[in-house]
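Q: Protein chains in written order, with the working numbering: chain A, 1 to 422; chain B, 1 to 422.
Be careful, since some hints might not be right.
For identical chains, the list gives no copy identity; a pair is met inside one copy or between any two copies.
Dumping the calculated EDC-like pairs for lysine to aspartate or glutamate here, alpha-carbon to alpha-carbon at most 20 Å [unchecked claim]:
id, residue 1, residue 2
1, K98, E178
2, K87, E37
3, K87, E322
4, K28, E39
5, K28, D8
6, K133, D72
7, K28, E89
8, K133, D63
9, K133, D34
The hints are simulated quantities; they were obtained by calculation from the structure and are not laboratory data.
This is what each chain is made of:
Protein chains: 2
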Amino acid sequence: MLTPTRLDTNSLYITELLNNIGVDVVAKVIVGDDRGELESCFSQALARADLVVFSGGLGPTEDDVTRETVADHLGLAMSEDPDIIDKLERRFAARGWKMPEVNRRQAMVPAGATVLDNPNGTAPGLWIETDGKGVALLPGPPRELRPMFERLVNERLQPRASGLRVLRRVLKIAGRGESRVEEVAQPIYARWREESPQIETTILAMPGPVELHLSTRGSDVAAMDAALDRAVDQMATALGSDIFTRDSRSIEEVVGELLRSRGWRIALAESCTGGLATSRLTDVAGSSDYVERAIVAYSNNAKIELLGVAPELLQAHGAVSEAVATAMATGARERANVEVGVGITGIAGPSGGTPEKPVGMVCIAVAAPNNGAVDAGYATHVRTMRFPGNREHVKAFSAFTALDMVRRVLIGAPVNPDWIKK
Amino acid sequence: MLTPTRLDTNSLYITELLNNIGVDVVAKVIVGDDRGELESCFSQALARADLVVFSGGLGPTEDDVTRETVADHLGLAMSEDPDIIDKLERRFAARGWKMPEVNRRQAMVPAGATVLDNPNGTAPGLWIETDGKGVALLPGPPRELRPMFERLVNERLQPRASGLRVLRRVLKIAGRGESRVEEVAQPIYARWREESPQIETTILAMPGPVELHLSTRGSDVAAMDAALDRAVDQMATALGSDIFTRDSRSIEEVVGELLRSRGWRIALAESCTGGLATSRLTDVAGSSDYVERAIVAYSNNAKIELLGVAPELLQAHGAVSEAVATAMATGARERANVEVGVGITGIAGPSGGTPEKPVGMVCIAVAAPNNGAVDAGYATHVRTMRFPGNREHVKAFSAFTALDMVRRVLIGAPVNPDWIKK
C-alpha cells in the first residue's frame with residue numbers, strides 16, 4: 001500500500017460501516033511492514049481513538065508483523081491456538097496439501113484476544129479489548145476482510161457504539177465553481193456555528209459538480225434530523241435550482257428520473273465528448289427505457305449524414321458553434337423521434353484551439369418540448385461554455401453540463417451556469 | 001478523504017515520483033480538516049522523516065487549514081503576498097469575474113517559505129525548509145498538484161536525494177485473468193530471486209487489463225536497466241500477444257496508433273457499453289484523425305435504422321447475439337465508409353438476464369480488412385464473452401475487450417481471451 005500502484009479500498013468500506021453506526025473515522029494511516037513504524041502508529045492511534053482497526057499483515061510470512069507488534073505493545077503473551085491449527089490443517093488437506101510450517105504463525109493468539117473466524121482465507125482475525133478501547137486485526141484481502149468486519153460491527157461494535165450518531169446530507173450543485181458556492185454558503189453556515197446541534201460543512205469540487213456536505217453528531221436523532229432539514233432548506237433557498245440533488249444521486253440518475261416520470265425519451269448527438277455523456281446516462285440501470293440512441297458525430301460527414309446538419313451551416317459557422325450544436329440537438333431529436341435531443345460540440349484539446357475558439361470552448365444545445373408539454377411544440381436552448389483543464393476535464397465538464405442543461409430545461413429552471421463564455 | 005467515497009490517488013503519484021529518485025515513502029496519513037489532528041500528524045511525521053508532503057487543504061474556504069497549521073507549528077508568521085493577490089485577481093478577471101474576498105486566504109505565505117506557482121488553479125503551493133528537512137504544501141486537485149510536484153522534484157528534491165534509484169517496468173496484459181497471468185509469470189519470477197540486481201514483481205488486476213510491475217532498486221542504473229530488459233523479454237516470450245504494451249500506454253492509445261499507422265479509420269456500434277468504448281478511444285488527443293463516428297444503438301429501432309441490422313435477425317437471434325453483433329460491426333463500417341467496424345451488444349445488468357443469456361454475456365464483433373490489406377476484402381471476427389461483476393464492471397470489461405479485439409485483429413493475433421463463454 002506504500003507503492004505507487006495500490007489503491008486503498010478497504011478503508012472506504014470500513015469507514016462506511018463505522019459511519020453507519022455513528023463512529024467517526026478521525027485518521028487513516030498507511031505504513032509498511034515495519035515493526036517500529038507500526039508500533040509508533042499504533043501507540044498514537046490508541047492515544048486518540050477508542051477503536052483501532054488494522055487491515056493486513058496477518059499472513060504467514062515474516063514480513064507480516066501486525067500480530068506480534070500489537071501483542072508486544074499491549075504486553076500480551078502469545079500462544080498457539082490448537083483450534084486454528086486444526087482449521088488450517090483441514091483447509092490445506094481439502095486441497096490435498098499438507099499445511100506449510102510457516103502457517104503456524106497464523107495460529108498465534110495474544111492472551112485474552114477473541115479469534116475471528118475467516119471462512120475465505122487462512123488468516124483468522126483478532127479482537128482485543130484493552131482499557132475500554134477496542135483493537136481489531138483483520139486480514140488484507142477485501143473478500144476476507146469484509147464479512148469478518150461486518151460480523152464484528154454487528155456483534156461487538158454496534159452494541160458498544162456510544163449511541164451518538166453521525167447524520168450527513170449531501171447537496172450536489174451544478175453550474176457554479178467552488179468559490180462561487182462558498183460565497184453563497186459561507187454566510188449561511190457561519191450562522192450555524194452558534195446553533196445546536198452544530199452542523200459541520202465541507203465543500204468538495206470535482207470536474208462538474210460541487211458537493212456541499214452537511215453533517216451533525218449527537219444522540220438526539222430527531223433534533224439532528226430537524227436541524228439538518230432546516231440547514232438544507234436554507235442552502236436550497238440560497239442556491240436554488242443549481243442544486244440538482246439533496247440525496248446523493250448522480251446527475252445521470254436525476255435526469256433519468258425526470259425523463260422517466262414524463263415518459264419521455266432522449267437522443268444525443270456528441271462530438272467533443274465522444275460518447276461520454278451517453279455512457280454516463282447508461283450507467284444507470286434501466287436507462288434503456290429512456291435512452292433511445294446517440295450519435296457520436298466526430299466527423300463533419302457524420303454530422304451531415306446522421307443528424308442532417310446542413311453543410312452550409314458547418315461552412316458558415318464552423319463545427320464548434322451554437323448553430324451547429326442546435327442543428328445536432330434538433331437532428332438527433334427528430335430522427336430518433338423522441339422528446340429530448342442534445343447536441344454537444346467543442347474543442348477538447350490539447351490542440352485545435354484558436355484565439356476565437358480556444359481549447360475548452362464547448363457549445364451545448366438541448367431541444368425539448370416547449371413549456372414542458374409535448375403538444376406545445378419544441379424549443380431549443382443553446383449555450384457556449386468555456387471549461388478549464390485538460391482534455392479529460394473538458395470532456396467530463398462538457399458531459400456533466402450537458403446532462404445538467406437537460407435537467408434545467410426539463411424543470412424549467414434558468415440555464416445560466418458559471419462556465420458560460422462571456 | 002475520510003469519507004467512504006473518496007479514493008486517494010495523489011499519494012500514488014507522489015510515491016511514484018519519489019521512488020524514481022530513490023526516496024522511500026514510509027507512511028501515508030489521512031486526516032480531516034481538523035487543526036489538532038493535522039498538527040499531531042505533522043509533528044510525528046517531522047520526527048521520523050526528512051520530507052513531509054501535504055496535499056489539499058489550501059483552498060479558499062475556512063475548512064482549508066493546512067497553511068495555518070503548518071505555519072503555527074513551525075512558529076512562522078504569515079503575511080499576504082501581493083504577487084499572489086495579483087495573479088488571483090488576473091485569473092478571475094480573465095473570466096470576467098471579480099476575485100471573491102475568500103480567496104485572499106490563499107495569498108497568505110509563512111515567513112521564509114517559497115511560493116510554488118499554480119498555473120492550473122487558484123491555490124499556490126508552498127515549500128518550507130526547516131532543520132534540514134523539507135515540507136511541501138500542495139493543492140489537492142491532481143491537475144494542480146502534479147505539475148507543481150514534478151517541478152519540485154526536479155528543482156529541489158532530486159538534487160538532495162541519495163543516489164539510489166528505483167527503476168520500474170509495466171507490462172499490460174489483456175485477455176487473461178489475474179490467476180492465469182500468475183500461472184505463467186510465477187515460474188519465471190521465481191528464478192529471478194537468486195539473481196542480482198533483484199527484481200520485484202507485483203500483479204494488479206482491474207476490470208479489463210492485468211498489470212505486471214517489475215521493479216529493481218540500486219545505484220548501478222545500467223545493470224538495473226539491463227536486468228529489467230531481460231526480465232521483460234522473458235515475460236513477453238511467455239505471454240505473447242496478450243501483452244498489449246510494455247510502456248504504460250492505455251489500450252485506446254495502442255489501438256489509436258495501430259489505426260494511425262495504417263491510415264485507417266474506425267466506426268463503432270455500441271449497445272450495452274452505451275458509448276463507453278468510443279469515449280475511451282476519444283480520450284486520446286488527435287483521435288479525431290481516425291474515429292469517424294459511433295452509433296449508440298440502445299433501441300432495436302436504432303439498430304435497424306442506423307446500422308441496417310435486419311429486423312428478422314433481431315427477431316430470430318435476439319439483440320444480444322453474435323449475428324446481431326456482426327451485423328452492427330458491418331453496418332457501422334459500411335455506412336461510415338471506413339476500414340474498421342466494431343459491434344458490441346450484451347447484457348450489462350443488473351436486470352435483463354436469462355438462464356440462456358445471463359447478465360455479463362456480451363457479443364463483440366470486429367469487421368476489418370482481410371489479412372491486413374484493404375484490397376483483400378473484409379472479414380468479421382465475433383466472440384461471445386461472459387464478464388464478471390456489476391453493471392459498471394461489465395461496461396468497463398466490454399469496452400476494454402472490444403478495443404483489445406480491434407488490436408488483435410489489426411496485428412493478426414489470435415482472438416481468444418479468457419472471458420470467452422465456454
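Q: Broken hints, numbered, in rising order?
A: 2, 3, 7, 8, 9
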